[in-house]
Amino acid sequence: MALLRAEHVTHYFGGLCAVSDFNLDLEQGELVGIIGPNGAGKTTVFNLITGVYKASEGSIQLNGQELVGRKPNAITQMGIARTFQNIRLFKDLTVMDNVRIAYYNGLKYSPWESLLHIGRYRAQEELYTNKALDLLEFFKLDQFADELAKNLPYGSQRRLEIARALATGPKLLLLDEPAAGMNPREIEQLMEFILWIRKEFSLTILLIEHQMRLVMGICERLKVLDFGATIAEGLPAEIRANPKVLEAYLGEGGDQ
Amino acid sequence: MIMDNTPSSTSTPVSKGHALLERWKMRWDRIANNRKIFPIVLAVGFILSILVPKFGLVNEYVQLVIIYIGINIILTTSLNLINGYMGEFSVGHAGFMAVGAYVSAIFTTKLLPENLEAIYFPLVVLAGGIGAALIGLLVSVPSFKTRGDYLAIVTLAFNMIVKSVIENIEVIGGPRGIPGIAKLTTLPWTFFWTVLAILVIRNFVYSNYGRGVQAIREDEIASDLMGVNTNRVKLLAFTLSSFFAGVAGALFAHVLQFISPKVFDIIKSTDVLIMVYLGGIGSITGSILGATVYTVLLEVLRPFGMWRMVLMPLMLVLLMIFRPRGIMGLREFRWLIPGFDLYALKYWRAKKEVSHGTPAS
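Residue numbers (the working numbering), protein chains in the order written: chain A, 1 to 256; chain B, 1 to 361.
Keep in mind that the hints are not guaranteed to be accurate.
Claimed, not checked - Listed next, the in silico DSBU-like pairs over lysine-lysine satisfying Cα-Cα at most 30 Å (straight line): (1) K131/A to K145/B; (2) K108/A to K145/B; (3) K140/A to K25/B; (4) K140/A to K150/A; (5) K110/B to K150/A; (6) K145/B to K54/A; (7) K25/B to K150/A; (8) K150/A to K262/B; (9) K145/B to K150/A; (10) K199/A to K131/A.
Don't read these hints as lab results, they were simulated from the structure.
All values derive from a computational prediction rather than experimental measurement.
Please build the complete structure, drawing on both the sequences and the hints.
Okay, structure coming up:
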């Protein structure tokens with residue numbers, strides 16, 4: 001059975017059709033890319049999967065459980081985590097707190113215990129703090145643990161965002177333009193990094209990207225969106241040769 | 001975070017005054033880092049709060065000002081939870097205060113026999129807090145859907161509703177209010193409730209629920225997507241905040257000895273707002289400082305008569321220009337941070353070293 005299945009997902013903003021008849025079957029362990037020109041509806045697809053928007057039509061299922069109509073935090077709890085196109089860290093909180101917040105799901109003490117710092121509070125806090133720091137060490141961010149997130153360099157902020165997403169314990173990770181603002185060398189490193197976290201955390205990854213170099217390099221399958229519609233899908237090599245894709249990216253008659 | 005106090009080896013000659021300043025700074029750091037002093041300060045404070053009224057160490061007027069400082073600290077800390085930590089803009093704090101004041105005053109003036117009032121006073125204050133908390137629970141519901149300016153309007157409307165409702169209930173005096181409330185708010189009780197409010201709100205902030213509240217301030221959608229149940233966390237924050245506003249209201253009623261709806265209008269809410277932003281958002285230390293500085297300044301400026309209401313706002317304008325985040329915005333005095341949280345990184349590194357057997361280079 002597919003891990004994530006989207007069937008005939010359609011979404012309207014007012015009268016504008018942002019995504020139309022989007023279908024996706026994502027198997028456990030796959031790395032799939034969604035590409036398309038600006039405004040093609042890629043990020044809207046992510047917002048629909050994670051529950052930020054409620055799909056106007058269609059169904060999205062994770063392991064056979066319907067996601068449409070659930071709140072974002074409930075969907076995160078089911079095992080989907082994401083990063084954002086423009087970094088959305090908790091800027092005025094420390095790096096450690098950014099990650100600790102993501103453990104909210106597994107919280108096992110009641111508000112009463114938190115008010116008086118009694119009962120399970122101490123043991124749980126210690127557990128999550130140490131888990132967060134282990135994760136930060138894994139991402140080579142532990143030396144920044146006490147820094148405010150906004151003071152980190154750009155690349156580290158990107159890594160922290162992924163670390164924070166992984167702290168929620170996802171099965172499926174959605175990466176929204178992870179290579180935005182990176183130079184070719186950094187992109188090479190990022191490609192290795194994505195493959196590495198997929199192995200280490202046994203993840204299924206769905207990513208949106210503009211950088212052809214990155215998607216062609218690591219994605220096993222690609223989907224191409226244009227004006228909300230799926231215009232092509234298949235192996236990277238097939239996509240590269242697809243005239244429709246070239247047209248969408250380069251305009252009509254763009255095939256050399 | 002431990003300050004590095006080793007003298008710098010720069011070749012620039014250090015003036016005598018500068019050296020003295022450095023020495024005082026070192027001393028201060030030593031005090032601020034020694035967390036064992038904190039319980040001692042609390043104990044001494046409590047003993048003083050009993051001794052001062054008993055032996056009349058300071059006059060009645062100063063005692064009264066101290067009680068007001070305590071009440072204002074409770075109000076400021078609790079409002080800071082919403083306006084500072086959660087980043088919303090609630091302007092109806094006096095509404096919750098009114099509920100607490102009226103509930104407790106009804107108990108002491110109408111329901112309890114006179115000779116038992118003093119004994120039951122802590123329970124009466126608690127009842128005032130619970131009454132306000134229940135209303136806070138209701139007010140938190142609009143906050144699930146509404147944010148920013150719109151929520152500010154909701155809380156403003158709430159403040160007006162409370163005032164109008166009280167004005168229209170004849171049994172509790174209507175617009176004339178409740179006179180003749182016994183003066184039950186003593187210095188020790190004020191001290192007790194102030195410390196309780198500070199510690200409980202501190203504890204909440206340094207738990208994952210409290211971090212969820214702060215995540216909402218930073219980015220509500222991102223916090224929702226990281227699994228924070230934003231509705232639940234908002235409900236907790238509003239309830240806790242209004243509980244302590246109610247407690248402050250109850251204490252206020254029993255020191256003023258007379259309450260009327262007019263006392264709890266928007267002006268009172270504004271006072272609390274000023275103290276929050278003066279002290280600094282997202283800081284308990286700031287709330288304590290803000291409430292103290294504002295209360296004391298209002299008293300000090302009393303000789304200026306009506307002019308103090310010009311001078312005081314002028315100082316606020318200057319503060320906002322030169323220090324827009326208030327005295328302690330988003331910073332905390334080390335005594336108020338739970339030791340476990342303060343040294344988490346140190347503990348973790350120590351644990352690593354033990355398990356690996358090699359010191360980190």
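Each hint, compared with the structure:
A threshold of 30 Å between alpha carbons decides the hint, and for K131/A with K145/B the separation of about 33 Å lies outside it, so the pair is violated. About 27 Å separates the Cα atoms of K108/A and K145/B, which keeps this hinted pair within 30 Å; it holds. Distance check on the hinted pair: K140/A and K25/B sit about 34 Å apart at the alpha-carbon level, beyond 30 Å; violated. Taking the CA atoms of K140/A and K150/A, the gap is about 17 Å. The hint holds against a cut of 30 Å.
With a C-alpha separation of about 55 Å, the suggested pair K110/B and K150/A falls outside the 30 Å cut-off, and the hint is violated. Annotation: proposed proximity of K145/B to K54/A holds, straight-line Cα distance about 16 Å (limit 30 Å). At roughly 28 Å between alpha-carbon atoms, K25/B and K150/A fall within 30 Å of each other, so this suggested pair holds. For the proposed pair K150/A and K262/B, the alpha carbon gap of about 45 Å is over 30 Å, so the pair is violated.
For the given pair, K145/B sits about 28 Å from K150/A by alpha-carbon distance, which is consistent with the 30 Å threshold. Note on K199/A and K131/A: the hinted pairing holds, with a Cα-Cα distance of about 19 Å set against a maximum of 30 Å.
Checked against the numbered hints listed earlier, the structure breaks hints 1, 3, 5 and 8; every other hint is satisfied.
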